[in-house]
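Numbering-wise (numbering that gives the first Met the number 0), the sequence shown opens with residue 0 and increments by one.
Hints were generated in silico from the structure; no laboratory data involved.
Any given hint could turn out to be false.
Claimed, not checked - Restraint-style ranges between C-beta atoms, simulated for each label pair: (1) Trp251 - Pro169: 20 to 28 Å; (2) Gln138 - Ala18: 39 to 47 Å; (3) Tyr91 - Asp240: 45 to 53 Å; (4) Asp147 - Ser121: 37 to 45 Å; (5) Glu87 - Thr277: 47 to 55 Å; (6) Gln138 - Phe195: 16 to 24 Å.
Claimed, not checked - Here are the simulated lysine to any residue pairs, SDA-like style, with alpha carbons at most 20 Å apart: (7) Lys254 - Ser190; (8) Lys102 - Gly34; (9) Lys40 - Met30.
Positions of the beta carbon are idealized from the N, C-alpha and C atoms, including for glycine.
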Amino acid sequence: MGYSAFLERMGEVNDLLNAKSILSWDAKTKMPPGGADTRAKQLATLTVLARDHLVADETRRLLEQAEAETAALASDSVERTICGQVREAIEYHLRIPTALVHKRAEVGSIGQHIWAKARAESDFGAFEPVLQETIELNQEMAECIGYDEHPYDALMFRFEPGETVTSLQPLFASLREGLLPLVRAIGEQESPRVDFLERSFPVEEQLTFALKMASKLGYDTNRGRLDLTVHPFEVSFTRNDVRITTRVNDEWMPKSLFGTLHETGHALYEQFCDPAYTRTPLATDLWAVCMQWVGSASEPTKVSPASLRTMLVGVVSSGN
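Work out the full structure: start from the sequences and follow the hints.
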């Protein structure tokens, strides 16, 4: 009973986070601009509720029972992995004051709205104050969490647990060594013709085409949808509701197509997650590097030209 009760508790945390994510998705796709201020407060409230539910005494009591019940299992078992991840998350979040959690969530939501408006108006000076505030809040959070060498080490746990700025330097150095010659070589090649794409494509037809291509890659539209946004993203509210977004330029179709295919990569991971992991810490949120690789894997540069051409021809010729 200990482990099952613990999982149910984690399911409640997951439910709160999904409710927050739905409001966040709506803010970036459907919400009227006038709702930005109150939406930021709603998101901040749900963020704090989820965090408080996670670090509550009852959660820690159930975690201890679950750890005791699963102690004899292999260290890499699903049960012990979940317990370990929750233990780390609780210790991490206990270092961050509730007021700071609330403020970061509120400023993050407001900042998204301000950035979108500034982008549309090419007035990035309007975004500078909230960007500065965001940086300061993250610096404050780093100090609360603690670090040995670099402030970002404290923040990296959310993306790459166990890594530090120092530990990643060899990786970036090796990437630089391999990528710079490749970029130079590509730059020396004759540019391909793209003028045939520089014509008007109606927005709705672009979205229809992009979604058909996503479906060809395996995206289940019965458990997902495609919407317009300022900057494309993917979001999951369990494997049964995985949404993707894109942006459209009616004079340049590749923008909507490639954006959709990238987000489809993320969505495929979410939709094909084991149903047994639904409402558990293993249901989503791969490490950031892995998740970006998964997304990029569905871009045309990661799919063979022949297979991409076959899909394109099939969709266009069939009309389906």
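Q: Could you tell me which of the hints above the structure violates, numbers in ascending order?
A: Violated hints: 1, 2, 3, 5 and 6; rest satisfied.
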